[in-house]
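Take each chain as given, in its own frame, and dock them per the hints.
Going down the list, the sequences are from chains C and E. Under my numbering, the first residue of the first sequence carries the number -17, and numbering increases by one thereafter. Under my numbering, the first residue of the second sequence carries the number -3, and numbering increases by one thereafter.
Derived from the structure by calculation, the hints contain no laboratory data. Since the structure is predicted, the reported quantities are computational estimates derived from the model, not experimental observations. We put the CB at the ideal spot given by N, CA and C, even for glycine. Treat the hints loosely; a few may be bogus.
[To be verified] Just a few of them, taken from the derived set where beta-carbon distance is under 10 Å, the chain E residues facing chain C: (1) D10; (2) A12; (3) L51; (4) P53; (5) R88; (6) Q94; (7) Q97; (8) G98; (9) K124; (10) A125; (11) S162; (12) L323.
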Amino acid sequence: MKIDLTGTTAGAINKALVRGRRAIGTPAVGMVLTLVIVTDEENAYDALKAANDASREHPSRTLVVIKRVSRSPRDRTSSRLDAEVRVGAEAGTGETVVLRLYGEVSEQADSVVLPLLLPDAPVVVWWPVYAPLDPANDPLGALAQRRVTDTYAAEQPVRELSARAEAYAPGDTDLSWTRITPWRSMLAAALDQVVCEVKAVEVEGEEFNPSCELLAMWLADRLDVPVRRSLSAGPGLTAVRMDTSEGPITLDRADGSLATLSIEGQPARAVALKRRDTAELIAEELRRLDPDDTYASALAYGVERLNTVPEPARAEPAAVAEPVEEAAKAPAKKAAAKKAPAKKAAAK
Amino acid sequence: MSRLPGSGANPLRDPADRRLPRIAGPSGLVIFGVTGDLSRKKLMPAVYDLANRGLLPPGFSLVGFARREWAHEDFAAEVHDAVKEHSRTPFREEVWQQLIQGMRFVQGTFDDDDAFERLRGTIEELDKAQGTGGNFAFYLSVPPRSFPVVIQQLKKHGLTDQSSGSWRRAVIEKPFGHDLRSAEELNKVVHEVFEPDQVFRIDHYLGKETVQNILALRFANTMFEPIWNRSFVDHVQITMAEDIGVGGRAGYYDGIGAARDVIQNHLLQLMALTAMEEPASFDADALAAEKTKVLGAVRLPKDLGRSTVRGQYAAGWQGGEKVIGYLEEDGIDAKSKTDTFAAIKLGIDNRRWAGVPFYLRTGKRLGRRVTEIAVVFQRAPHSPFDHTATEELGSNAVVIRVQPDEGITVRFGSKVPGTSMEIRDVSMDFAYGESFTESSPEAYERLILDVLLGDANLFPRTEEVELSWQILDPIEEYWDRHGRPAQYKSGTWGPVEADEMLARDGRSWRRP
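Next comes chain E alone, as it looks inside the complex (with noise of 0.2 Å):
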């Protein structure tokens, strides 16, 4: 016979039958603040996109809180709007039948207790009509300041109690705080409520195909890793660059600036995923241990004046568009010494890397809209030809594009045909569009399953957030302190100091 209650395993699983998905178990998303953007333009999309690939449990309820005055219908015809607009997968109806009957909308404020009332019934009620098992994300896609009321309303209400096997879990997006304190403070909030383990922090670069694939290139492949330390790389690059200013943001982003906005979290993510050592297994665990070992050993420079950029876009063209400066902005300050530029230097102190700089930059309103991670690799220690045949070559380099059109490109020399020995560089370029899935999924719908089914690999934690501020902190403090960002064009790759940083170390930034 097949088993016995309470023998646990389900028979028709089996780890060898690669066909079958992951589906998440019985559970709803409830969402907080979900008339916003991010809501309508990536969470209701990739979950109907996870719905039509199958990925989502049967009764998959989705509850949206706001406080706009919405009826159920109101809030169905809405996502219906977003999912048309902006899934991925084809619309098809009967995927929509299956997700519209656990569709719910609560109305109210933070701080209405009645609202929250009705949301426990609506979810009490949805654990009745639809089996989501008492098991519920809350996402909260609201302005920082809203957390903590957000959190202590769940509380009091009773919506964060896990009954007998049932979870409930909070994802939180950033920014995690503004410094090291606040952070701290903001983890204090959530995880009086939440259990560590249950709080999911959303860093959607994590989410990606290729940022995932940085994994699979260093520790799958044997002709990457032997050559993937001090002995060989020169330094590495790893680069974020906007081609937009600020836009709507102008309220959040002012007094934040760049390095916290970007270097704080994706940019030292993704060079910890770039310079970790191997970890012992592909859990979260051993991820997390190996990511905080190494944010551990971030090393700053001496002189931050001498190895850190900030920079302030002003007035130009941008592709061909004539934009304004930062300063002239709508809702900023004229006086304000917010950074749209940062590019920082760090070193990372352990046998691999010592005296292997990182620079790490990111931008608003730069040349083009582009994410990548640059390893650059020293030039042959000798070279059989003469000084002519390789005027023109560069160092080696591989190039991991994030985005967009996610790739790898590997830059090397080569002979240019004809009858002299001349060596140029060429590139070689794996694009995943092409090489695999013309639409990769996005990072929600891959983070989204993520938190439903309990599984932590992509989402960075506690430890892991507050080392990065401890690098930042030190950087910002002295900014604050000394002088002005420096003016650069809009529509160029930052400002010349940049570029004067990198000279000063015999090297020079790739164009992306």
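The following block holds chain C by itself, in its conformation from the complex (with noise of 0.2 Å):
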């Protein structure tokens, strides 16, 4: 069921909804939080499906805020609120209002949202694209536990992800963290399996991929060992590969869903780590609501710190002289160094 309404107020949406929950005969609901979608008209359509998708795992009320440009100063003075409710079966198991906002009202966009939020369930607002560069202090961002960006949207992610450790505020997460969960979860199966001393790693995947750096921050955090980042082609993150006391351990994804994890004396496995869409990250993110600790403290490490590789780094191994901390640098050269037999190894 589907109700339009033109220049509205949030009190008139709040008649809407129950009037179609009335209409398709469930007046009471089980929805767990209120998910608020901060997004242009661009992205709206599959943001809110994934959105949607999500919502079968977590029932909720979803607000889509759509800020629209209005092209001429007359419009810009102007202000109006259009909203599109829907329950039922277009709506997955909750309910959706998709809120566009003209002139001024745009700027006040946390005036619509509040009075439309579930009572007492918690809320969570997802931007994404363009997300705020303090998204605890943004407006919407402050109606919200929890604070979902994507920096693997932005221009230029890496310096992002600065900007995000800059302004983290408990409650503040990334897809680009949510993307890597698979990843972390089969390295520390790994290092279960294998009683060792972790002295280096390199992690490879494409450039302009956040996850990549997060999953070196948190290794580096984690093992507090230097990190190489290198470059390679994709998709997304290609190989992680961990100079261990006990040999290398190797995790290689050349296709984007069947990887191999080699580990020194042990057969190589198949491991399935397939590429998620973003309703099943953004699942996953619903499922906690408290701060992420793992992730702040990922964060906090620095991408500054990584000894991030520029070219290939297969290409030329030796060649790489590029200005990283003192502390970091010959390890992490050795390890490169030792890591090619290894490479061959896993292959055959």
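Take a look at the structure:
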């Protein structure tokens, strides 16, 4: 069921929601949270689709806030709120309100959203694109327990990571971090199998993919060893190589779905590591609403402390010399040199 | 530096990192009776779903053992079909590729020494090829009479030897015997070969989300526990109803009956979880201690004839379908005294529950398929409303629905809109499927993962099994000596005797 409202207010939208629920015959609903998606018209469709899919796991009221750009000065001074209320099958398992804000009201989006939040239930704000620099102090971000950004969509992801680190407040999280959960869990499982001391790590993946940096920072933070970030053609993350006291451990994923885990002295094994779609990421993100301290700690490590190799590493492994902090430099190089034979062994 | 060899802790694991799932260590699963229904419909799909959720270790191996003449590829094809048809999560090729590398099939009968030698060879080969590290769980999806022979064969061929740091576990399904003596015998057979803490008894009810939620509901909230006692609770009804008849299980079912099949394990476990005290922690020992305590406090009624009822379904109509009676089913002796319906009344002798009856009932061919625990509260001690206002008001109740559509219902009185004061019952419903996940993990998924992790929380222990038989044995003996099961029409809620049993106490069964 769909109700269109033009030139409306939050009060009228609330009434429409109740009317919609009555009409489909389910006056009581078991929604567990309010998800606010802040986006532009271009990205609204995909974001809403992902949110509706995720609502099968987390029934929610989804509010899509679309700030419309006004073309003429006259339009900019006038102000209007349009809403599209969807309940029932069209809105996944919850209910959806698409809010279009024109003119002045687009700067006061929080005044529209606040009355539409579910009573007592947690609030999550998600910016698929154009996340504010300081999410926690954004007027909409301030309403939420959890603020989800996506540095992957940023123009300069690596710089954006530094900004996220600077503005971090408990409750912030990023989909680039969510993307690497399967990698992190597989690497942790690998270290469950071998008792060893990790000496150096290399994370390889495509350029402009902040997930690679986040994974590298997490490893550096947890293992307290130098981590080298090298580039490849992708897709996404392609490999993690750990140089340990018991020989190399490599997790290699060339095709974006099936990876190979090689541990010295053990047979190479196939591991499914598929790149997940946005709906799955959002579903994972909504599973826990408490601050993600591990993310905070990894982010705080600092992207600039990673030993980033500008050229594809395998092309000229020895010739690389870039300004990095002294402590990290020497072991990382040694590790890289050692890893060449390991790679061959894994390929067999 | 991260850690020294032998220092133990994995630096990438952190309790605060809640996203990382519990992944089982290197291991494999051997299924005996892999061609059976349970294996095809539940076990194989559960293994796939676990892999799909990324919870199985790299190199996880699945070995099938059965009489059928299959090559590894035939087995893989069979698993493939079973997974495609029954798995909960969508089929993904790369997950399948990960699984298929570790799939093996061993052909043989349970008394075939060569077959068990081949099985040992397969396991050794998998340790090399897949890195399973010697850790294997043996899932005995076989008829109870085959338990001893399979277990002895495992021992004879050195398959149960745990070398340094590796484990071998046994997973067994109900029935855990058919009375106390046979249960003790079975336990002896199993424990001779496997350490008690390496034996996992599957009661798939305990793997269900709502059953685990009983503990969350009771011990994580403040609003239920204060009234969860004899001062406020009038009685408790635990029901497990099936709409199907005995079907293809006739051979197994006749002579066993509903009480042994369902009450001894599922219903008494549900009762223990509903009635137990708060455990000191949620580890297996603390939980088992509380469950054992409450099962040990169970008291049978003095007059078993008046406080127990058994029945047999007669021909009738079930849900618009004409069905035959139990005695007319294929493979059932026309004089059979086996119960297809059983209802019993139990008491629990402790401070919390003294005087509160627990009514347990189960049956086949009842109105519909449902399992629920209903905690029915006493009426308000005084009502300021006059009699006509509260005429339609029943007792308050908290109902935990275990299956289908898992959830919790709270029933209380509310004023009917209008001018006059009239109070009637309303139900507030929390549907698990709606408020959290559309498809919560299958019980078997959870339980298989727990076996691989060695987490025994959700598995009944030897003492619990034996205590349950101690409760049921006197009832079965009484039934053997007295009378015959009452007949009830298929599609109804059991024999009238069951209604009379509650009516004598001034109560009535809920219609689930």
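Evaluated hints:
{"no.": "1", "hint": "D10", "in the structure": "holds, 6 Å"}
{"no.": "2", "hint": "A12", "in the structure": "holds, 5 Å"}
{"no.": "3", "hint": "L51", "in the structure": "holds, 9 Å"}
{"no.": "4", "hint": "P53", "in the structure": "holds, 6 Å"}
{"no.": "5", "hint": "R88", "in the structure": "holds, 7 Å"}
{"no.": "6", "hint": "Q94", "in the structure": "holds, 4 Å"}
{"no.": "7", "hint": "Q97", "in the structure": "holds, 6 Å"}
{"no.": "8", "hint": "G98", "in the structure": "holds, 8 Å"}
{"no.": "9", "hint": "K124", "in the structure": "holds, 7 Å"}
{"no.": "10", "hint": "A125", "in the structure": "holds, 5 Å"}
{"no.": "11", "hint": "S162", "in the structure": "violated, 12 Å"}
{"no.": "12", "hint": "L323", "in the structure": "violated, 44 Å"}
When each numbered hint is compared with the structure, violations occur for hints 11 and 12.
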